[in-house]
Amino acid sequence: MQTHTSTTAARPGDQPVVEALDLCIDYRIGKEWLNAINGVTLKIDPLEIHGLVGESGSGKSTLALAMMNYMASNARISSGQVNLDGVDLVPKPATEMRHIWGRDISLVPQDALASLNPAYTIRDQIGEVMQQHMGYSQAEAYAHAVEMLTRVRIADPEQVARNYPHELSGGMQQRVMIAMALSTQPRLLVLDEPTTALDVTTQAVILDLFRDLIHDNRAAALYVSHDLGTVAQLCDRVTVLYAGEIMESAPVHDLYAKPLHPYTAGLLNSLPRKQQGTNTRLYTIRGVAPSLQERPPACVFADRCPVVLDKCRAEKPPLEATPDGRKVRCWRWQEIARDELDLLPEPERIPEVTQKARHEVLEAAHVSKAFGNADLLDRLLGRAQPPLQAVDNVSMRIQSRWTLGLVGESGSGKTTLARTIVALIKADSGELELYDEPIALDLTQRPQEVLREIQMVFQNPNDALNPYQSIGQTLRRTITQLSKERLSELALIQRVEDLLLAVRLPADYADRYPTEISGGEKQRVAIARAFAANPSLVVADEPTSSLDVSVQAVILNLLKDLRAREGSSYLLISHDLDVVAYLADEIAVMYLGEIVEIGSSDAVYNAPSHPYTEALISAIPEPDPTARDVTIRLQGDVPSARNLPQGCRFHTRCPRKIGAICEQEAPPLRDAGDGHLIRCHIPIDELIELQQQPPQATLDDEKLITPEDGD
Amino acid sequence: MTTTNKVDVGPDAPRPFPLRALRTILSILRQLAERPLSLIGSLMVLVFVLTAIFAPVIAPFDFDQIATGPRSAPPSADNLFGTDRLGRDVFSRVVWGAREIILLPGIATAISVLLGATLGMIAGYMGGWVDEVISRLFDSLLAIPAMVLALVMLATIGPSAAGIVIVIVLLYTPIITRVIRSATLTVRSLGYVEAARLRGESTLYIIVREILPGILPPLVVEAALRFSYAIFLTASLGFLGLGVQPPSPDWGRMVGEARNNYFQAPWTMLYPALAISILVIGVNLLADGLRRIFRYEGQL
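In the order they appear, the protein sequences are chains A and B. FYI, our numbering numbers position 96 of the first sequence as 95, with every residue one higher than the one before it. Just add 837 to wherever you are in the second sequence, counting from 1, and you've got our numbering.
Rather than coming from a laboratory, the hints here were simulated on the basis of the structure.
Listed next, with one range per pair, are the computed distances between beta-carbon atoms:
#, chain 1, residue 1, chain 2, residue 2, range
1, A, Gln691, B, Ser1039, 55 to 61 angstroms
2, A, Ser409, B, Asp976, 33 to 39 angstroms
3, B, Gly965, A, Gln131, 50 to 56 angstroms
4, B, Gly964, A, Ala606, 45 to 51 angstroms
5, B, Thr993, A, Ala113, 47 to 53 angstroms
6, B, Gly965, A, Glu565, 32 to 38 angstroms
7, A, Ala490, B, Leu856, 25 to 31 angstroms
8, B, Ile1115, A, Gly29, 29 to 35 angstroms
9, B, Asp976, A, Gln131, 43 to 49 angstroms
10, B, Gly965, A, Ser409, 26 to 32 angstroms
Some residues of chain B that are not near chain A, with every Cβ distance over 12 angstroms (derived):
#, residue
11, Ile877
12, Gly943
13, Ile959
14, Leu978
15, Leu988
In this text, all values refer to a predicted model and were calculated from it rather than measured experimentally. Where is the CB? At the ideal position from N, CA and C, for every residue including glycine.
Just chain B, with the same shape it has in the complex (with noise of 0.2 angstroms):
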């Protein structure tokens, strides 16, 4: 009984190794189905997911086709959802909002795991001066509390996606470049790793062949917990107006243009809001089940 992670690799020889990677993600999300909370979470990932691919299929109008009924209607058979100022369908915004919030996020956080664990590995393998300069390079960005750095740098840079995007990869590669870090100082102790130092392999082999696959596990999790944060960045940002900018159904901005509206159309603010809260509940639902499989315990 030694397996290290619950991870469950069947007994039966010999396998390729495409296949036993496959084995692996289906029994981890076996798994994910197996506990009900993870299930929820992962269920309500896919909803929005499908919804953000489908967005044209399922939004019955535009996202920026205006008096799509009376405006500020109360929700209806016709406006699911109700309409806004404008009279633009809330419900289609809502729809084709969900490719914003998941692709924006997504992208940065894909990026941020990439630096970070490149990083994260090249310090902690590495160690002596190449770890200091890493390690004190990010904590020094650390320290600047996340949301003034967003503002400044927005306000820099002017709002756009792209603005977006660099802000998230700034914020998150150094919070990922440390735990990735600590992760690749536990592997790069052990045996396997020393036998392979002994036998002359090169820096590059070791960290992709050797230490990569033992820090995959921390990875995932920390990935799946950034991108429920980037999201709720991205909304907050967007609530504040430095989001993407209109015409674009950005949610974060359209709660915050629904504010002042609240008492007449509460609709219009409701609605992008429960979506924002849901989604984000669902990926760290996920992001929880995923580090149970994988029991790590991991500083968030």
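Chain A extracted, bound-state conformation (with noise of 0.2 angstroms):
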């Protein structure tokens, strides 16, 4: 085993740290073996980060795994080789493999807590793997254990080294599992989407930790994500893979600035960006990824094609490469790359949404919601913990034909918040009125006139649908309920399939049942049911947050056209800037429980913001490699709910704060006209001044973050 030579000097030569060579993987699903991963030929050189993007289904994950020659229990490598520095390892058994995995290749997983041994502290854990593979004693590995948290900025390393999984935030769990991977001076690093399940402020954090990381330790590395964004600010290559086949390669500036492969200009062009006006449509691809079982025999992408020709469906096209150092796999790529093709069609736009005389459709005045979640048994026993006030004193108006998008990173109060208007929370004080009528905080006092008007769409659209009724059924049930008259049968299956046309399902699909239809169909249907009785106000939660980019594409176009169509308003709640900037006419910035800024979508995107909403979009990554000189980056976790800071909430991590007033006062709502009010002590003239530049405090990249700070 030559891997054991020196792992940290630089190689000489074009000897890449890992390839994959016409690499095939199968799944036994049921009694047959089903192609998942089809010749795909890899390499990754030292120093390089290279993206592998995909969407779900593309097998990205497979193929990661695969890289470390690990199989799940039911899938096989039936052909090809994987290299680690010369030396294949697919013939290698598991038993060898085990002295490779976490010395030459170590795993950030996406889900930290589940890859962390609840049992056993961070220095057990980290130093485990040292003893293991260094022959380090049990001192040496503790020692090297603080060092490597030190080096992933964890203030105090000592006393986190002895926490438990448990007592860290998401954060630094991802953090310590970085240590971990790191802590063996790998020759690969594998990163299956290790910040899908972060915060966007905490993901721009961890991102800039994994480049300055990677180049320190000249490992090689392989992140994997369905975020463009991410790929864009991260990789050095960038590889799209689609239905197992690797569909175009390119280093990761010409990809973004250039895409020869349509399917990649697709996914591209189907981002919402700020920059696009509202009324435009977004691209999207038509169809869907195919099943294992039905993917086409020639070129995987031809069915979505929109530069298909006759004979991308009779011969599967080779994986070219170009005269620059790319490979794409397309009969057409040169037309691409000569701007022959029009791949991204003028942006359809929607009808105008009639400038009417705007009313006030709903109106939440001092909204506030704690949960107690303490038991009988600990009321009596008198340790109950301190609520956590989810919402607090929250007050905002929704227009008619009017989007509010409410954004904040997970335990603003957000989704609570959300949940109030439409009740399924109760509400512990407040008013709500619909109308400038007063309408009751607890669901079963509403009566159907105001169910009728206020409606929601679901986060996760595969529990949005009762799996055990067809869809008609399900329509057909919610018209019922809600339409103000009683309709005839015949009636009744005409508006189902209006509703399923509205939202471009075939009329047929009424008698499906969820189990038999994709994801962003079923969130169709959801939003079908939700306009199933013409609602004044949709609530949207995280509408797209669960779907593959191309489909969200599709559902934030739906959305629009309803809006259009309908009247209705939405209230759009959404961890993604972008997704809320390409909808909403106004935006909600909440902070713990509070609203901190408010005002037009052009308003806060732009100066003067709250810093927090200036961190916020600062940390979004942008689908654009040149623009990687982001300077704003918070620092340490949202506090706890159940014990809010004093003062200005947000002074714990803010990076413009001002002194000890910051601290004690509550600041008072500015306005910076036309309605944008910003909670914060700053006067509007200094924030516009400010943010001119970047701040000071964060310049400094030694900063280090404290551990209390996680919840």
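Mind assembling these two chains? They're in different frames, but the hints should get you there.
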């Protein structure tokens, strides 16, 4: 095993750290073997961060684990090689791989908490890797673990080393995983969606850390993600995977500047961007990705391609190398390279929302909700914890034919606020008014006329529909429950058909069951259900966060169309500022149960902003590798809502904190004009001036975060 | 690939409801048949059920007919499992006994499932003080050891078929309630239940139409498991003499009575004991198979 030789020395020449050669992987489904990865050749050079992009089902995780010669129990490598420093791993049995995993190849998984053993301290777990692979004694391993924790910029590493995983926040757990992965100075680091479960501000910090550490460690890395933004921010080269085949592979700048494959172009075009006018449709890729059983024999993308030829359905295009060192699998890449094909049609405009006089649909005044979660015994024994103040005295109003976007990190209370409005959660106090009439905070007290007007689209399409009822049954029941008048059988059938057509589904879907349709289609049915009785307000809670990029564009377009057609208003909750900016007329930013800024989308996106909004926007990973010079990084985690900070709630993390006043006094709500409100001690004029230049505090790269920030 | 359980419902469209349910049942049976252990379990249960139904045809003698042959005679062509001290045919008694050992626990399990599912869904869906009352009440019932409760109950109301049913219902309803309550809590927070609340459905509608189908998998598995325990409990009570009173052929009582005579006539004890074991194992294998099909990993 020559992999024993020094792993830190830079290697001369062109020898890649790891390469897959013509790799094919099959899965056993039932009794047959189905091909999942088909003839993939991929190599990663020393110091390279290689991005692997694909939608769900593309095989990207399978391929990433295969690069470690790790297979699910029902998968097999049917042909091909995986070479680590020139040695083929595929024939090696697991007993031999065990010496390579963790030493030469490390994995940083998506879910850090599930990957850490809850029964051992952090230093035990990091130390174990080094004791196992590097022959360290326990004392040496502990010392080294602390050193590793320092390198992933954890303040007070001595303390964290003695902690158990559940005592750390999500961001800290992910840092620990990185420390563990790097502790043996591996040749290859496999990062499988390592930031997907994290908030955008934490994600930005972790991505910075990856970039620095991977280069310091002289390792190579494979970064797997569905998020074109983070890939643009982190990677040097990008490979786009679709239906188990490489569509395109290129240096990151080339790929984003000029995609050569229609699929890559489609993915990039379907991303919502804030520059886009709010009355244009997003580009969408038609159809859905094929399942393992139904992959086309020739070009796998042919059925969804906007520039498909007869040849594409007859013959599989080869993965061709272009003169400038890119690879692309398309018969027409030369035409695309010469700009002879129009891959991005002029965006369709959506009919303007008619500018009739607006009136107020919903007003919320001083809404508060705290979660006690102390059970009877705890209450009797007087050991109940202080309540968790999820929403604290929030007021807002929503106009007719208007979209209010609600953004914030997890724990900001945005979902709780939305759920108190639809009354799935009963607010503790406050008033709600619908068309200037007060409505009950308790769902069971709301009459049918109120229920009809406020409907909801849920986050997870997979549990939004009752799997035991056909789509037609679900829609019919909703219509009959909520309609003003009793509909005849014929009118009912007609209405179901109309609703399905409005969400661009064929009418015969009424007879289908939810298990028989895709996630995107389920979300469309869920939207149809919300619109069943022409509601005034539709609350959409992260309606696209569990969907692929190409499906997300379809849903966002649909929401836009329906707003124009039905004249409804939306309350849109999302952690994705780009999604919100694309749909919303007005944005409210929440932090720890409070709205810290509210204003029109443009106003919120541009200066002056609340320092928190500024940091949120700054943390969005732009799908553009040229925009990497980001200035603001929020350190630490959101404090616990059981124990709110005194004064301004944001002062513990604020990069623009001005002094003691922030810690002692609650900031005023300042008016920046046109209903644009900012809750901050800094006067508007000064904010504008400050935000022309980057803040001082965060320029300090060595700023450490403290573990007490976790909740 | 978003199917939540392995119950295979084919992709082809329109199907009226009963046909769909039938297909689901057929699919479950097919999947049971695919796993050898589940198949064996199902066949074992099937044999006993058929035996119980066709007892008059299968049994050569009546269960209380004495002097069918010599007393305490070993198995022979006339008396397949031998005879007991009164000369009764052990085979005929085991065959007739299948009726009681399946029927009593069966009825008791059915009542427990019905009660437990209803109360569990109500506690889980309504929450609040309703949940507190139901849960605390059943917690205190569960705190009493099962056998002690059974003995005290039967000693009070006197051993009888109805007594056994009441004891089993009292013992198993809290357990089923607890399982169904936790399953309901999961289903309750799903989008489709919240959507039903948002369109103003009544509590009854939501429980019956939205929640019940979702908790059927754990309910079916739990019912099968409880059934096997109920058989065992019935047999145990019979063994202690608190089961169905003579002359009914109760397997547990048969084992208990033959115990003293074991070395002289082991068959009088062996065959009813074997029957109990085989039936309980069969039902357990079946329950295990169902759990695998539904991928239900709840606590037992």
